[in-house]
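Peer 1: The chain contents come next:
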Amino acid sequence: MSKQIIYGVFDDEEVLISSAKALRGQGVKIRDVFSPFPIHGLDPVIGIKPTRLSNAAFFYGMFGTSMAVLMTWYMMIHDWPMNVGGKPSFTWFENMPAFIPVTFELTVFCAAHGMVLSYLLVNKIYPGRKAHNPDPRSTDDMFIMEIQTVDNKKVAGSEIISVLRNTGAIEINQKEL
Amino acid sequence: MSHQSASIREPLILGEKTYHQITEDIAKPIEGKANNLFKILFTISALLALWGVACFAYTIGTGIGVWGLNKTVGWAWDITNFVWWVGIGHAGTLISAILLLFRQRWRMSINRSAEAMTIFAVICAALFPVMHMGRVWLAYWVLPLPNQFGSLWVNFNSPLLWDVFAISTYFTVSLVFWYTGLIPDFATIRDRQVKPKMKRIYSILSFGWSGSAKQWSRFEEVSLVLAGLSTPLVLSVHTIVSMDFATSVIPGWHTTIFPPYFVAGAVFSGFAMVLTLLIIMRKVLHLEDYITITHVESMNKIIIITGSIVGVAYLTELFVSWYSGVEYEQYAFLNRATGPYWWSYWSMMTCNVITPQLFWFKKIRKSLMATFIISIFVNIGMWFERFVIIVTSLHRDYLPSSWTMFHPTFIDIGIFLGTIGIFFTLFLLFSRTFPVIALNELKTILKSTSENPKPPHH
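Chains Z and P, in that order, are what the protein sequence lines are.
Note that the first sequence covers residues 1 to 177 in my numbering.
Note that the second sequence covers residues 1001 to 1458 in my numbering.
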């Protein structure tokens, strides 16, 4: 049997989930699902691990906090201490209340932008990239399940197609690789 | 899946919609031709914007002496407009971030345009402090740059510098939050284009989004974390703006109530502006099924609560000035109500404290015409609030010989009208090129809150 991609097209996300569950029950590996909106509850069914982007955001935020502390210490305490309105400028800690707003803003700035940049990077999306959704309807009202025969040595392609058909796929497309 | 709404709740999507129909309805303004109403509105806005640019150019060329400022009232019109515009921006972030955290599903039809409004309002706001620098080409001196640019580093003790950090963080974070949400919707628009040019443009705008399961999983995480970050951020922005005043020793400014009072006022004025825009937009773009009376009513409820907070804050200020026993404070407030600027004080009181209370009546709360009129009142009232706080506190000095009045010049007024023009020009351009409703997010609630008994055909 040649290498094949099978696309199961659904018009309802709940039907797709139950179909995915049936396929997984038979040991079929699902390569991906393309949908116009996030389908809640799908990730564990098709075996997608939770993203670690929020951990990354935490570290970007910590980086922002450290940079703000370092910057305010260097500029206001170390390099050129200023006596503004008699406020203390001997140690960073004494002057710290005045530095809280900037520290907070830089924390948020770094966390948000760092996270979004990582998001674009790991999702591999950037201006000029060509989209690779199999069917333009998948950003409108169709939910498309992608199964590759190379991932499923034990289950025959015809078997997968019949499960898809029986569990509510309205259309099944095949593509030879 | 998304839980079913209680049947007592009004549906958030009217008409018999399917997923495809939502795409069609939201894509229509982008793909269709502009109607005459749009062309007229756009021409007026663009002319106003051009007029503002001319006034800006005159100010830059001649110096800020062309404004109505004098040695007693050192900042007035510009900072009033700055605070007003920043405040308007706050509703967008509140809708998209705070209501997301509270899982308020009615935000979905309005968050996109409210966030756009935030971004355009912050652009208008930022113009004023930059202009007030006089030599705008030295604006980069507010950045923490090495001291060969001047003699010192920037002063991190100053709320004005905090503002630089707050506004720039707020602007850029709002922008990426907005754009992150736009990417999948641009992909929807891209995939339905037949003309190669349109397809190319929306292909670039959509960053090659394909909507795979992993992409969506990350998308949801990013939205949630950005909402969590934007929530304290938006509260910090107007807090810091209020500290521009509260950390000074001017009677009428030196009060600890300022941060929460400014934040409530900002949300109040922002929602008023959202209503002003959306009541027109839903009509012009035929989005009545998505931006419903239920949405308008929910926003009106927020107007009642924030308007009441603002009202209580006004009364608290009066009480505290009396109770403090500080005669300068007492005079400042007496002068606001009965001095030469009494008309601005009472305009503020009427527009901000009395008119929004009309929303306690369900009939008024659910009437589009009444809401539109009251939203205009609130916009005006909140402008006067800033004018009252700034000008009436400054025009009476500790030294009676320097008492004076502030009169805006032709240029002052021109610049303000110009920013309104810029704001509406940008918003109108947005409304014809961007998906004005987060259409894919909206599809997630179609099954649970629409009039359609069995939404997607099955």
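Hints listed in this document are in silico derivations from the structure and should not be mistaken for laboratory results.
Being a predicted model, the structure only gives us computed values, none of them experimental.
Be aware that a few hints might be false.
Partial list, derived from the structure: chain Z residues whose beta carbon lies under 10 Å from chain P [unchecked claim]:
1. Arg24
2. Gly27
3. Val28
4. Ser35
5. Ala98
6. Lys130
Quick reminder that beta carbons are idealized off the backbone N, C-alpha and C, glycines included.
Peer 1: Next step is simple, just say for each hint if it's right about the structure.
Peer 2: Verification of the hints:
1. Annotation: interface hint on Arg24/Z violated; nearest CB of chain P at approximately 14 Å, more than 10 Å.
2. Interface hint status for Gly27/Z: violated, as the beta-carbon distance to the closest one in chain P is roughly 19 Å, over 10 Å.
3. At a threshold of 10 Å, the smallest CB-CB gap from Val28/Z to chain P is about 15 Å, leaving the interface hint violated.
4. The interface hint given for Ser35/Z holds, since its Cβ lies 6 Å from the closest Cβ of chain P, which is under the 10 Å cut-off.
5. Taking 10 Å as the C-beta cut-off, the interface hint given for Ala98/Z holds, the closest approach to chain P being about 4 Å.
6. Given the 10 Å rule on beta carbons, the hint for Lys130/Z holds: about 6 Å separates it from the nearest Cβ of chain P.
When held up to the earlier numbered hints, the structure conflicts with 1, 2 and 3 and fits the remainder.
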